[in-house]
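Undergrad: Spelled out from the first residue to the last, the chains are:
Number of protein chains: 2
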Amino acid sequence: MAQRTNACGEVSEHHVGQKAIIKGWVQRRRDLGGLIFVDVRDRTGIVQVVFGDSAPEALAIAEKIRSEYVVEIEGEVVLRDESQINPNVKTGKIEIVASNITIINEAKTPPFAIEDKVEIGEETRLKYRYLDLRRPVMYNTFKLRSDITRSIRNFLQNEGFLEVETPILTKSTPEGARDYLVPSRVHEGEFYALPQSPQLFKQLLMVSGFERYFQIARCFRDEDLRADRQPEFTQVDIETSFMSMDEIIAMNEQLLQTVMKEVMDVEIQLPLQRMTYTEAMDRFGSDKPDVRFGLELTQLSEIVKDSSFKVFAQTVENGGEVKAINVKGASDKFTRKDIDALTEFVAIYGAKGLAWIKVTEEGFTGPIAKFFEGEIVDSLKNVLNAEPGDLLLFVADKSSVVAASLGALRMKLGKELGLIDESKFAFLWITDWPLLEYDEEAGRYSAAHHPFTRPFDEDIEKMSTDPASVRAQAYDIVLNGYELGGGSLRIYERELQEKMFEVLGFSQEEAQEQFGFLLEAFEYGVPPHGGLAFGLDRLVMLLAGRTNLRDTIAFPKTATASDLLTNAPSEVSPAQLQELKLKIDLK
Amino acid sequence: MAQRTNACGEVSEHHVGQKAIIKGWVQRRRDLGGLIFVDVRDRTGIVQVVFGDSAPEALAIAEKIRSEYVVEIEGEVVLRDESQINPNVKTGKIEIVASNITIINEAKTPPFAIEDKVEIGEETRLKYRYLDLRRPVMYNTFKLRSDITRSIRNFLQNEGFLEVETPILTKSTPEGARDYLVPSRVHEGEFYALPQSPQLFKQLLMVSGFERYFQIARCFRDEDLRADRQPEFTQVDIETSFMSMDEIIAMNEQLLQTVMKEVMDVEIQLPLQRMTYTEAMDRFGSDKPDVRFGLELTQLSEIVKDSSFKVFAQTVENGGEVKAINVKGASDKFTRKDIDALTEFVAIYGAKGLAWIKVTEEGFTGPIAKFFEGEIVDSLKNVLNAEPGDLLLFVADKSSVVAASLGALRMKLGKELGLIDESKFAFLWITDWPLLEYDEEAGRYSAAHHPFTRPFDEDIEKMSTDPASVRAQAYDIVLNGYELGGGSLRIYERELQEKMFEVLGFSQEEAQEQFGFLLEAFEYGVPPHGGLAFGLDRLVMLLAGRTNLRDTIAFPKTATASDLLTNAPSEVSPAQLQELKLKIDLK
Numbered sequence: 066m067a068q069r070t071n072a073c074g075e076v077s078e079h080h081v082g083q084k085a086i087i088k089g090w091v092q093r094r095r096d097l098g099g100l101i102f103v104d105v106r107d108r109t110g111i112v113q114v115v116f117g118d119s120a121p122e123a124l125a126i127a128e129k130i131r132s133e134y135v136v137e138i139e140g141e142v143v144l145r146d147e148s149q150i151n152p153n154v155k156t157g158k159i160e161i162v163a164s165n166i167t168i169i170n171e172a173k174t175p176p177f178a179i180e181d182k183v184e185i186g187e188e189t190r191l192k193y194r195y196l197d198l199r200r201p202v203m204y205n206t207f208k209l210r211s212d213i214t215r216s217i218r219n220f221l222q223n224e225g226f227l228e229v230e231t232p233i234l235t236k237s238t239p240e241g242a243r244d245y246l247v248p249s250r251v252h253e254g255e256f257y258a259l260p261q262s263p264q265l266f267k268q269l270l271m272v273s274g275f276e277r278y279f280q281i282a283r284c285f286r287d288e289d290l291r292a293d294r295q296p297e298f299t300q301v302d303i304e305t306s307f308m309s310m311d312e313i314i315a316m317n318e319q320l321l322q323t324v325m326k327e328v329m330d331v332e333i334q335l336p337l338q339r340m341t342y343t344e345a346m347d348r349f350g351s352d353k354p355d356v357r358f359g360l361e362l363t364q365l366s367e368i369v370k371d372s373s374f375k376v377f378a379q380t381v382e383n384g385g386e387v388k389a390i391n392v393k394g395a396s397d398k399f400t401r402k403d404i405d406a407l408t409e410f411v412a413i414y415g416a417k418g419l420a421w422i423k424v425t426e427e428g429f430t431g432p433i434a435k436f437f438e439g440e441i442v443d444s445l446k447n448v449l450n451a452e453p454g455d456l457l458l459f460v461a462d463k464s465s466v467v468a469a470s471l472g473a474l475r476m477k478l479g480k481e482l483g484l485i486d487e488s489k490f491a492f493l494w495i496t497d498w499p500l501l502e503y504d505e506e507a508g509r510y511s512a513a514h515h516p517f518t519r520p521f522d523e524d525i526e527k528m529s530t531d532p533a534s535v536r537a538q539a540y541d542i543v544l545n546g547y548e549l550g551g552g553s554l555r556i557y558e559r560e561l562q563e564k565m566f567e568v569l570g571f572s573q574e575e576a577q578e579q580f581g582f583l584l585e586a587f588e589y590g591v592p593p594h595g596g597l598a599f600g601l602d603r604l605v606m607l608l609a610g611r612t613n614l615r616d617t618i619a620f621p622k623t624a625t626a627s628d629l630l631t632n633a634p635s636e637v638s639p640a641q642l643q644e645l646k647l648k649i650d651l652k
Numbered sequence: 066m067a068q069r070t071n072a073c074g075e076v077s078e079h080h081v082g083q084k085a086i087i088k089g090w091v092q093r094r095r096d097l098g099g100l101i102f103v104d105v106r107d108r109t110g111i112v113q114v115v116f117g118d119s120a121p122e123a124l125a126i127a128e129k130i131r132s133e134y135v136v137e138i139e140g141e142v143v144l145r146d147e148s149q150i151n152p153n154v155k156t157g158k159i160e161i162v163a164s165n166i167t168i169i170n171e172a173k174t175p176p177f178a179i180e181d182k183v184e185i186g187e188e189t190r191l192k193y194r195y196l197d198l199r200r201p202v203m204y205n206t207f208k209l210r211s212d213i214t215r216s217i218r219n220f221l222q223n224e225g226f227l228e229v230e231t232p233i234l235t236k237s238t239p240e241g242a243r244d245y246l247v248p249s250r251v252h253e254g255e256f257y258a259l260p261q262s263p264q265l266f267k268q269l270l271m272v273s274g275f276e277r278y279f280q281i282a283r284c285f286r287d288e289d290l291r292a293d294r295q296p297e298f299t300q301v302d303i304e305t306s307f308m309s310m311d312e313i314i315a316m317n318e319q320l321l322q323t324v325m326k327e328v329m330d331v332e333i334q335l336p337l338q339r340m341t342y343t344e345a346m347d348r349f350g351s352d353k354p355d356v357r358f359g360l361e362l363t364q365l366s367e368i369v370k371d372s373s374f375k376v377f378a379q380t381v382e383n384g385g386e387v388k389a390i391n392v393k394g395a396s397d398k399f400t401r402k403d404i405d406a407l408t409e410f411v412a413i414y415g416a417k418g419l420a421w422i423k424v425t426e427e428g429f430t431g432p433i434a435k436f437f438e439g440e441i442v443d444s445l446k447n448v449l450n451a452e453p454g455d456l457l458l459f460v461a462d463k464s465s466v467v468a469a470s471l472g473a474l475r476m477k478l479g480k481e482l483g484l485i486d487e488s489k490f491a492f493l494w495i496t497d498w499p500l501l502e503y504d505e506e507a508g509r510y511s512a513a514h515h516p517f518t519r520p521f522d523e524d525i526e527k528m529s530t531d532p533a534s535v536r537a538q539a540y541d542i543v544l545n546g547y548e549l550g551g552g553s554l555r556i557y558e559r560e561l562q563e564k565m566f567e568v569l570g571f572s573q574e575e576a577q578e579q580f581g582f583l584l585e586a587f588e589y590g591v592p593p594h595g596g597l598a599f600g601l602d603r604l605v606m607l608l609a610g611r612t613n614l615r616d617t618i619a620f621p622k623t624a625t626a627s628d629l630l631t632n633a634p635s636e637v638s639p640a641q642l643q644e645l646k647l648k649i650d651l652k
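Residue numbers (my numbering), protein chains in the order written: chain A, 66 to 652; chain B, 66 to 652.
Derived from the structure by calculation, the hints contain no laboratory data.
Misleading hints may appear alongside valid ones.
Pairs count within a copy or across copies, as identical chains cannot be separated in the list.
EDC-like, lysine to aspartate or glutamate: derived pairs with alpha carbons at most 20 Å apart [stated by the list, open to error]:
#1 K129 / E426
#2 K84 / D118
#3 K564 / D504
#4 K477 / E409
Here the structure is a predicted model, which is why all the values come from computation and not from measurement.
One chain only, chain A, in its complex shape:
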């Protein structure tokens, strides 16, 4: 075989008159008045090849080729006739007049066309993943993924970060989700665990004085499959020593800015917007708000607590709250039936009802309008910026339900009413998270992030007396309403770490058994440290404009098939099974 001279998608006017050797796949063949036109595709694009009487042998072979045949073609690049120019294709001004063709490999008719827009189920796409990945939109997603990791690595290595690989066969440590367990052969009856994150390893590397670590790390959670979750996922994992929270945030902003510029050619302005957890919940009913549009939640408890609408007044009296969103100019767009549907929607999030008011030139209308008069109407109009034509939607409930239901309603309406500028990338930091959350079921506090997160120095003394009020030096990074990732400063003193374990309900023995090595390491001169991790799969999904996380993973897991292409788990041989049984029975 001869050496390829040109990539299909890169042949252009500059090559006119030159000989070209291309290699690729037949996209389609058309026979037209004694000529054969063949579109040949490789990963760079498509080029048109013409076979005619000038090369009768090549013409004869071209008659045999079909879609997805692998071919090598030699010919001369010529300009197309003016009338044949296709402005929609990069190579649309030229074509190759073939002098030679070799069929390298044949192909059966594929189960679906190799084109960006195919209307087939995901199951078929996964079964023939090698064909699905031939579609340009898929190739381009993986090209983007590769470019993103390149940009991330170059930025971090330029900043003095070392990429360090941490183990995949490791020890089970109690984290949020369930660990995958791997029976060991060397130690019969014992097990490795696959890591849910490299958290403890990266902290140990800080104890080692590595100062700046990163890894694009594979992590594992033994959880059920969902469209937005894979049991095996990739995170960009970063840890630094001697840096303050503001320094870490600033550096990660520069990282994101660099990636957006290099990969997407998008300028994002720094510093990124920051918002406390409390403010985010208050204004958007979400700890990962999409700030590309308004429709914010407005606090009305003070205004309505004395109104004659009992539902509102009593909710406030019982410690709940009343909030509303103002859907500007939407009063005519929503029928009573539409609003009933919205009421059903907020019920999913626990809201017992959705009150509404339409604003007209004459004032409020709707079933609850009559309960509001005089000053209260003025106050509501004022804080909600209510004008004629607006639709006001209210939820009265305990504050977690108000946030969840109105937050979700806000997102739903934002999308449906086209309020979101989809061309925008809105990054946002959420800060000042609570350190601990009360776990009603367990009757004790658990770590809101993880047990190594550092409280605000001034809150440390409240860890015993008022745990719920302790803030963490933690930060999440949000993009367009998705949580990309987050991080924190870490505890670096043995005593404070022990205190934390105690607050979380570990006995001294339990803490020692599970984290003894860490507590011991903390005695040998640990630097202040902190870091961040964010999900690569999700970042790729958002930047590629995809909606399915599996489209960002070359060979994703499914639950329905069992070969390398779909990576469902499979049966093992009787001998392997017997060996596993033995290992487990030895316990």
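For this one, chain A is given, so just place chain B on it according to the hints.
TA: Chain B alone, transformed into the frame defined by chain A:
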């Protein structure tokens, strides 16, 4: 805490007169005539700080600090007195006169000094891995590892390669070693396997038209631990389409040349040396010869087959061979006892004896000298380039034993006699491998590399008639006598792949069951493809000048302890165990 202004190892004459804030670990403290000298270390190096009467508060704190305390120090950079200059340290011309010090964290006395040369067992080093990694030699090894991967990635991405992540939870496919198995939760009673290499995935990506793929991939083999082997290892994995073997070799040579230049500042000349498998075995008795020195094996069968030394003559008559190495100028260096020791050494490799001759001005001496006379002596002297003072060492046996024993003896003597230029990096390709090896135990042929390796086109017809003579389009890359890695062109036709499975003794059903997805994929237009993989851990080891593979892995596995630091497998909770049992019992 204030922001660090300087890294310890980078403070220099250029900073004299400036204020510096450093952060790091106390390497050592010396009290001297009212002054306290403290060496402060961070990952970049060490700088000397002086505390004196000019800052009495700082002096008082400095009196309390001990080795490995974490400190923040502010001071002024000054030139040292001429007499105090230390030319052995990068920062030896300056010191910092401290005005302030903050003890950030305290430290117990570490179990060993944080210095490059520590005389302690590996077990202690691993138990306190976080302290072991503080030693500059260890940090620098991981810095080198990070630099190597950076160089590899940049080269490949500049060449249009996409980095694609392939699954770690996947399906068991029969390869050389044993798979780790992971019980699945979603499918009770079924299992994932951890990949021994991404071989099939990268081939599927070529079917997908990705054309250029690479990955720095974690791989797994459930084998016993050895000093030169870890159950979890990292390989640089590369695959391309439409390239010939020479093109693939040339591109990988450029990759190696780039890495050596960028990371080691070493120029290596291209093209690299190439040698067929047959030549390597013939001249060096090894398929991964260290070509930094001579001591080559010389074929003597033709010369000695008619000699009166029956051992030699009969060996040749019985189909064996006689070879020798000439240890130049060594006849005085080896006593009879020394040679007895060498005889014991070659016995490890199956050699029944080691014959020897010393060459003197008068001719041959030694126990077998008397058997050689006249022309035979001249011929031996001639082919062995034997001169007075040389020691000739002979092995007569079947050729595999001659190669193994003399090959090992050559390496041993090369090292002991200092014949190896340790500053050299000798890369070498080994080509023209056999496709198949006869497995005496199983009574059939097995794949010398793997079952996807492509035979030479002209040898295909011999696959049935003379399997042993079929050569593979495969190539190994060797560095200084270590196999770094290797690769091959792959089979890309369904029929040839089926033929290969048949030669390997698979029934049609077995082939279909295990590799049906691949055979099916081969029907949809597969490009010619091939690639290469090499071990990152080993490359780092050789370039860092280390001899223990574990020194290249941040948290290596051992068999003797069970925490995150050493990553031996550990016990799991009764609940986890019960769940695993259930999964297995369901089978």
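Undergrad: Are the hints correct? Go through all of them and say.
TA: Hints versus structure:
1. K129 / E426: neither (74 Å within a copy, 77 Å between copies)
2. K84 / D118: within (18 Å within a copy, 82 Å between copies)
3. K564 / D504: Classified as within; 18 Å inside a copy, 62 Å across copies.
4. K477 / E409: So K477 and E409 pass the 20 Å test inside one copy only (13 Å; across, 81 Å).
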